[in-house]
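Undergrad: Whole structure, please, built from the sequences with the hints as guidance.
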Amino acid sequence: MPGPQVPGPDAPRPGVPGLRLLGSEVGVLFRRRRTWAMLFALAAIPVLIAVAVRLSSAVPAGRGPAFLDRISQNGLFVGVTAMLVAVPLFLPLTIGVVAGDTVAGEAGLGTLRYLLAAPAGRARLLGVKFAAAVVFAVAAPFTVAVVGAGTGALLFPVGPVTLLSGDAIGAAEAFWRLLLIAAYLALSLVGLSAVGLFISTLTDVPVGAMAATVVFAVVSQVADALPQLDWLHPWLFTHRWLDFADLLRQPIVWDSFVANALLQGGYLAVFGALAYARFTTKDVLS
Amino acid sequence: MTALAPSAELPSGELSIETRGLSKRFGRQMAVDGVDLAVPRGSVFGFLGPNGSGKTTTIRIMLGLAAASSGSVRVLGEEMPRQLRSVLPRVGALVEGPAFYPFLSGAANLLRFDAADPEAPAGTRRERVRTALERVGLAHAADKKVRAYSLGMKQRLGIANALLAPRELLVLDEPTNGLDPQGTREVRHLVRSLAADGATVFVSSHLLAEVEQICTHAAIMSAGRLVAQGPLAELRRAGQTRVRLLTPDPGHAARVMAGLGLTADGGTSRGGGANDRGAGTWGEVLYAPLPAGPAAGSPSPEELVAALVAADVRVRGFAVEQGSLEDRFVELTGEGFDVAQ
Chain B
1 MPGPQVPGPD APRPGVPGLR LLGSEVGVLF RRRRTWAMLF ALAAIPVLIA VAVRLSSAVP
61 AGRGPAFLDR ISQNGLFVGV TAMLVAVPLF LPLTIGVVAG DTVAGEAGLG TLRYLLAAPA
121 GRARLLGVKF AAAVVFAVAA PFTVAVVGAG TGALLFPVGP VTLLSGDAIG AAEAFWRLLL
181 IAAYLALSLV GLSAVGLFIS TLTDVPVGAM AATVVFAVVS QVADALPQLD WLHPWLFTHR
241 WLDFADLLRQ PIVWDSFVAN ALLQGGYLAV FGALAYARFT TKDVLS
Chain W
1 MTALAPSAEL PSGELSIETR GLSKRFGRQM AVDGVDLAVP RGSVFGFLGP NGSGKTTTIR
61 IMLGLAAASS GSVRVLGEEM PRQLRSVLPR VGALVEGPAF YPFLSGAANL LRFDAADPEA
121 PAGTRRERVR TALERVGLAH AADKKVRAYS LGMKQRLGIA NALLAPRELL VLDEPTNGLD
181 PQGTREVRHL VRSLAADGAT VFVSSHLLAE VEQICTHAAI MSAGRLVAQG PLAELRRAGQ
241 TRVRLLTPDP GHAARVMAGL GLTADGGTSR GGGANDRGAG TWGEVLYAPL PAGPAAGSPS
301 PEELVAALVA ADVRVRGFAV EQGSLEDRFV ELTGEGFDVA Q
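Those protein sequence lines, which keep their order, are chains B and W.
Just so you know, we're using this note's numbering here: the first sequence kicks off at 1 and counts up by one.
Just so you know, we're using this note's numbering here: the second sequence kicks off at 1 and counts up by one.
Think of the hints as simulated: they come from the structure by calculation, not from any bench.
A quick note: this is a predicted structure, and the numbers were derived from the prediction, not measured.
Certain hints may be false.
So, partial list: chain B residues that the calculated Cβ filter (under 10 Å) puts toward chain W [what the hints assert, rightly or not]:
(1) Ala-44
(2) Val-47
(3) Arg-70
(4) Tyr-114
(5) Ala-117
(6) Gly-127
Part of the chain W face toward chain B, derived, beta carbon under 10 Å [unchecked claim]:
(7) Leu-65
(8) Glu-96
(9) Pro-98
(10) Ala-116
The beta-carbon is built from N, C-alpha and C at its ideal position, and this holds for glycine as well.
TA: Spelled out as structure tokens, the structure:
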């Protein structure tokens with residue numbers, strides 16, 4: 001083993017390593033059976049809904065989740081319905097697992113000290129961890145949407161969709177709207193991911209961080225449902241989770257998308273800064 | 001190996017690790033208390049101390065994992081943790097046991113840690129991982145999930161991780177933990193070959209025999225303080241030389257030795273007891289500390305034997321024992337199983 005370091009022809013190329021670490025991080029995330037189990041569970045929601053509707057004779061209008069009665073006429077609604085069902089608990093649950101595990105999981109395994117001794121750099125590692133959590137936050141609602149649309153197309157007719165504004169759009173255009181809703185939900189989960197990242201820097205016990213993150217999402221939704229806390233509602237990161245109706249108008253109204261982006265950006269800024277402050281000064285003793 | 005005497009006067013460039021007044025406080029407890037380490041470049045440095053004496057905390061501070069409460073650390077001549085980014089790629093570390101992703105293979109784990117090093121060239125990554133795995137004898141298990149690894153295999157993988165790139169300094173915390181005798185021998189060879197290539201190897205251990213075999217220098221920690229450090233030969237020399245006598249006439253021998261100004265000590269009280277080699281069948285074992293040098297009118301070993309034989313003591317075994325590192329260690333850190341508080 002040569003002692004003195006001679007910068008050879010393969011000297012480090014600047015700028016790329018952050019991306020390489022992100023690649024490694026996403027690779028590790030998607031090589032975990034747990035990640036796939038969660039995506040399969042999410043994918044099971046639209047399948048379950050579609051099969052249930054197919055087997056039942058007729059769904060009376062106005063009962064069950066919104067759009068449930070529309071499924072038998074248009075399979076694309078399986079995706080929308082499944083997303084509506086997944087928003088309050090299932091999606092936050094999976095995000096809680098992934099985001100809560102980011103730092104605490106590495107600490108729990110003991111791999112955090114080896115990443116930092118490599119040296120990954122604390123700020124860089126935190127950034128990469130958050131980015132990987134966002135990758136999952138994108139994958140989760142898109143899984144529901146795509147599997148929903150696919151199952152719907154298999155079991156039901158697919159045709160033009162009448163939007164909330166009264167306009168009718170073709171099936172292809174409707175599919176894009178479906179993906180737009182998934183993107184809206186991915187954006188909605190950014191704030192929760194930041195919260196999970198911060199909580200994850202507080203402990204070496206990943207399960208604790210996961211649970212706390214999920215509890216945070218549930219409490220926020222409960223608070224959002226209490227009229228007594230009216231003043232608080234606009235500040236809750238879950239407040240706009242279901243505000244994607246604007247995306248079902250012609251032309252698309254982007255107001256709620258922008259408002260949600262600002263809200264999630266605010267949570268990202270605050271909890272990202274807290275996570276940074278905590279993680280860059282923390283003694284890694286695990 | 002040139003034995004550089006570590007001292008405060010030595011220029012920093014000659015030291016791979018240098019701490020000054022390093023302290024770490026956890027609440028009310030001083031885990032590390034005013035430690036001044038000086039690890040000469042090119043040395044194999046044994047970092048000794050009982051469990052809980054602050055070894056691992058010191059290592060964590062050296063690697064920038066924990067912040068010092070006070071004091072400074074220089075690693076490879078650069079201030080830590082300020083220069084962490086330029087220092088750590090030149091340092092290979094095994095800290096407090098290996099840790100891996102159980103759901104990844106051994107090779108995938110190493111690829112992951114290597115990707116975390118911004119200075120590690122991606123182009124040679126697979127090749128370097130393969131070489132490191134071969135070097136610790138894990139090539140056959142490269143694609144096996146770490147979940148299925150034995151403790152010894154994990155330990156080897158941890159060492160392989162420290163060897164992913166050419167390093168100037170290796171920090172190995174308990175490197176032989178969980179290894180079988182063959183593995184231990186291999187690690188010894190590895191450490192020697194690393195040192196022969198010019199790297200400094202900093203080995204933390206509580207296995208004294210281990211350290212005595214491979215180290216050129218050592219430091220001893222006790223209850224957060226550094227109680228001794230220097231070239232191994234000097235540390236050993238500071239220990240007592242003693243004579244070991246095997247005889248069936250212990251009482252008589254003790255009287256003869258007392259006449260020559262030596263205080264004999266029965267084998268049983270030395271903790272060896274009946275297990276002491278040769279004791280029982282051949283008589284009893286007596287120990288007597290031998291004052292260093294011919295000064296103070298103390299007898300030389302041959303004079304002592306002559307005197308014993310002349311007094312009709314049946315001498316069945318006689319040896320002069322150089323103080324071992326273990327004696328020195330016990331002398332400095334106390335005996336017994338009490339973990340330092």
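Undergrad: Next, verify each hint and record whether it holds.
TA: Evaluated hints:
Annotation: interface hint on B:Ala-44 violated; nearest CB of chain W at approximately 22 Å, more than 10 Å. The restraint placing B:Val-47 at the interface with chain W is violated, with a minimum CB-CB distance near 26 Å, outside the 10 Å limit. At a threshold of 10 Å, the smallest CB-CB gap from B:Arg-70 to chain W is about 41 Å, leaving the interface hint violated. At a threshold of 10 Å, the smallest CB-CB gap from B:Tyr-114 to chain W is about 5 Å, leaving the interface hint in force.
For the restraint placing B:Ala-117 at the interface with chain W, the shortest Cβ-Cβ distance is roughly 5 Å, inside the 10 Å limit, so the hint holds. The restraint placing B:Gly-127 at the interface with chain W is violated, with a minimum CB-CB distance near 13 Å, outside the 10 Å limit. Below 10 Å, beta-carbon pairs count as interface contacts, and W:Leu-65 has one with chain B at about 4 Å; its hint therefore holds. Look at W:Glu-96: its Cβ gets to within about 7 Å of chain B, closer than 10 Å, so that hint holds up.
With its C-beta approaching chain B no nearer than about 8 Å, W:Pro-98 sits inside the 10 Å limit, and its interface hint holds. Because the beta carbon of W:Ala-116 sits about 4 Å from the nearest beta carbon in chain B, less than 10 Å, this interface hint is met.
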